[in-house]
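Enquirer: Each chain, letter by letter, is given below.
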Amino acid sequence: MALLEVRDLHVFYGNIEALKGISLDAEPGQIMAILGGNGAGKTTTLRTISGLLRPRSGTVTFAGRSIVGLEAHVIVGMGLSQVPEGRRIFNVLTVEENLNLGGYIIRSSRELVRTRKASVFKLFPRLAERRAQLAGTLSGGEQQMLAIGRALMSEPKVLMLDEPSLGLSPILSRSVLKTVREVANRGTAVLLVEQNARQALAIADRACVIETGSVVLQGDAATLAKDERVQKAYLGGFEAVASG
Amino acid sequence: MHAFLEYTVTGLTVGSFYALVALGYTIVYGIIRLINFAQGDLSMVGAFLGWTLLVSLGFEHLPIYLAVVAAFVIPMLGTAVINLGILQFAYKPLLRRSLLAILITALGMSLLLQNTVLLVYGPSINAYPPNLLPTTGFYLGPVHVTYVQTALVAVSLLLMGGLVLFVQGTTIGTAMRALAQDHDAARLMGINVDAIIRVAFVLGAMLAAASGVMLGIYYIQIQFTFGFLLGLRAFTAAVLGGIGNIPGAMAGGFLIGLLEAYTTGYVSGKWEDVIVFAVLIGVLVVKPTGLFGERVAERM
Ligand SMILES: Nc1ncnc2c1ncn2[C@@H]1O[C@H](COP(=O)(O)OP(=O)(O)OP(=O)(O)O)[C@@H](O)[C@H]1O
Ligand SMILES: [Mg+2]
Numbered sequence: 001m002a003l004l005e006v007r008d009l010h011v012f013y014g015n016i017e018a019l020k021g022i023s024l025d026a027e028p029g030q031i032m033a034i035l036g037g038n039g040a041g042k043t044t045t046l047r048t049i050s051g052l053l054r055p056r057s058g059t060v061t062f063a064g065r066s067i068v069g070l071e072a073h074v075i076v077g078m079g080l081s082q083v084p085e086g087r088r089i090f091n092v093l094t095v096e097e098n099l100n101l102g103g104y105i106i107r108s109s110r111e112l113v114r115t116r117k118a119s120v121f122k123l124f125p126r127l128a129e130r131r132a133q134l135a136g137t138l139s140g141g142e143q144q145m146l147a148i149g150r151a152l153m154s155e156p157k158v159l160m161l162d163e164p165s166l167g168l169s170p171i172l173s174r175s176v177l178k179t180v181r182e183v184a185n186r187g188t189a190v191l192l193v194e195q196n197a198r199q200a201l202a203i204a205d206r207a208c209v210i211e212t213g214s215v216v217l218q219g220d221a222a223t224l225a226k227d228e229r230v231q232k233a234y235l236g237g238f239e240a241v242a243s244g
Numbered sequence: 001m002h003a004f005l006e007y008t009v010t011g012l013t014v015g016s017f018y019a020l021v022a023l024g025y026t027i028v029y030g031i032i033r034l035i036n037f038a039q040g041d042l043s044m045v046g047a048f049l050g051w052t053l054l055v056s057l058g059f060e061h062l063p064i065y066l067a068v069v070a071a072f073v074i075p076m077l078g079t080a081v082i083n084l085g086i087l088q089f090a091y092k093p094l095l096r097r098s099l100l101a102i103l104i105t106a107l108g109m110s111l112l113l114q115n116t117v118l119l120v121y122g123p124s125i126n127a128y129p130p131n132l133l134p135t136t137g138f139y140l141g142p143v144h145v146t147y148v149q150t151a152l153v154a155v156s157l158l159l160m161g162g163l164v165l166f167v168q169g170t171t172i173g174t175a176m177r178a179l180a181q182d183h184d185a186a187r188l189m190g191i192n193v194d195a196i197i198r199v200a201f202v203l204g205a206m207l208a209a210a211s212g213v214m215l216g217i218y219y220i221q222i223q224f225t226f227g228f229l230l231g232l233r234a235f236t237a238a239v240l241g242g243i244g245n246i247p248g249a250m251a252g253g254f255l256i257g258l259l260e261a262y263t264t265g266y267v268s269g270k271w272e273d274v275i276v277f278a279v280l281i282g283v284l285v286v287k288p289t290g291l292f293g294e295r296v297a298e299r300m
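Protein chains in written order, with our numbering: chain S, 1 to 244; chain Z, 1 to 300.
Just chain Z, with the same shape it has in the complex:
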């Protein structure tokens, strides 16, 4: 029982990272039916930008709040610009072409980001400052929870809450939901569809970058390859929750995180990915609309 609770805490922590990346998949897919496979790599890029600020530029020596805020905000903005570039130069010329062409381009963008980071930072593992946040923790009943875990989950939930408020409560957010259903009708409302698509790409990138920085703070070690598996896990989470569905992506992220933690705990870390991808295949075969999905147009 004790072990189970420990695994649960780990699962929820990691799951919150997956949820953030999965939201990026889901927001973009909801609007233009595009699976932006670069999503996981954007998270990786965000992690490296955060590392550059904290370690190379020495932000880790700044007052802790300033350091942390800068290490989140600047990578989020930088990654947003990169994702806008990808949209403009890679996807936009293809949006009216075949789905396959876009899919292959998306995979290409994922490789492009990986190789760019490889070129700039090299193949070695980079380490986040291990003592950025207090490494101690507290007991929640019998379970030990670190302050880092608490802080990271809190930031994730804050970002998710902000996203939900934006999508549900603002006119731009309402326009995003309308676009999920009918682009031409949205145009007839005077909505600049291209601008809303850009908003979706900015949001997706910012969430990914935030998760990347959190992964760096949590796991300490980062390498240019980590975005690929992260992306696949988050994609699984998005599909599990019903791609295009915002609450679904969050739930899917936490479920995949838990599944991974239990597998590592009870079976073996080697089986993590096997289990996660078995879930992906299982969902796609048995219920491709995901746990919470209805018709595609009804989601978000």
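One chain only, chain S, in its complex shape:
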């Protein structure tokens, strides 16, 4: 049994069925890449796991326990953390305050918050230099570091990242994905949503491809990288458009 099991998830926005039976797993120490074109349902999947959306049917099981219907903050407290699409850092707060909120669930232990912050600063020294700066004034790359650092403050057992390399230079996005790999190597289960399929498959252990709300391919990252359909749709350079 996997640490996180998503089974046959159906999610609606009004009458529109955005997820038509998504199933996937996340295992400790492994990265599961979730690929797919615009509007495929990747963000919807992560938001549903995090409890921001309620599925109409289907199950999400974490460590053997159903988490469907729990409030989002309770799910974070259980150890599932998300770096949302578009970073969503708190612009009006300082870098350090953003990290403090990342450690909201451990706020009763100042000591723990301090040591976690220190390890985030070790991972992203740039954030340490800017700890007193308003987060809204950080560069795009620094904001992404902050968004990831903030999610790591709770030391999640499952870390979900929604397009962490969006808007970053190729060098910076490689470095961000390298960090994600390091986090996984420490034993965290990672769900990584990426448009950048090539880079994602390079660091992932397994991957799935979502198209219009359904998983159309799933398997070893290395196998998928060689798959003809994946190559055509997601690794084909400039014509790489999802057939949707």
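It is worth saying that the hints were derived from the structure and are not from the lab.
Don't take each hint at face value.
[Said to hold, decoys possible] Examples of chain S residues toward chain Z, derived with CB under 8 Å: (1) Leu53; (2) Leu93; (3) Arg107.
Quick caveat: nothing in here was measured; it's all calculated off a predicted structure.
Using N, Cα and C, we set each Cβ at its ideal position, and we do this for glycine too.
Keeping the supplied structure of chain S fixed, place chain Z with the ligands upon it in accordance with the hints.
Expert: Frame of chain S, contents of chain Z with the ligands only:
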């Protein structure tokens, strides 16, 4: 010049009450974009609870410090419970509905509080003990300042300072500021958004109740209707400072207090409200973000 300074002292005293009520508007608005029109009436309820303790239950005969502390703390707690009830039963079911529905409900809550107090205490004017605090004063240069004024402004500033420390210095306060920007992102931090909204309602009610008790001590006479105008003035103060902006609400409160005192002094007491509401309309038309407002998300 002498008159001007006298008016200034009065304006700052009254302004500190407005500032407290305005803070309640601003904290709640900052988090859920709701104008809690019951804010002024919560202050009125606080004043009546304070009166009940001091006069009906005879706390005025207790040692002065004990009497004053009890007359503040108990109404603050009682009003906080009432505001939580309003949140839970009136606003919460509507939070995801239209703004208009919530606005009308808020006005309804204001009427509900007024009529409940009317029912319980009757329509007559109730009087706070006139000699609760020493009625004498001292001269600050040429201006006479009473000890009551000094004490009330000091308590107001203390409460405001406490609020700022809470909002700026604690993790819960940081969560409040984060909520002003992005509820879903806050949820993803593990923040119980409903609990933080409750904190905002408790703080708003406690500040309102404190101002109500101070108004009772200052003006002596209280009536169930006073919350309405107080609420409108404080709302004007909050809008003037940029609603959602905590320092703005404080500054707005003092500005409205001064404006009122100068109008009463130089023109006539009859014109107070006209001038205050002209300011409200003027701000809304010319600079709806208020004196210190930027984008809504950037405030608090
Ligand atoms: N709040 C919403 N209301 C209505 N429809 C929505 C909403 N959010 C998403 N959708 C629809 O649900 C589908 C899946 O959207 P989702 O955001 O999950 O896609 P995605 O795979 O994350 O896409 P992208 O790569 O562009 O971020 C899309 O068709 C989208 O239009
Ligand atoms: Mg998306």
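Enquirer: With reference to the structure, classify each hint as holding or not holding.
Expert: Evaluated hints:
1. The interface hint given for Leu53/S is broken, as the beta carbon of that residue sits about 10 Å from the closest beta carbon of chain Z, more than 8 Å.
2. Because the smallest distance between the Cβ of Leu93/S and any Cβ of chain Z comes to about 6 Å, under 8 Å, the interface hint for this residue holds.
3. Among the interface hints, the one on Arg107/S holds; its C-beta lies about 4 Å from the nearest C-beta in chain Z, closer than the 8 Å criterion.
Checked against the numbered hints given earlier, this structure breaks only hint 1.
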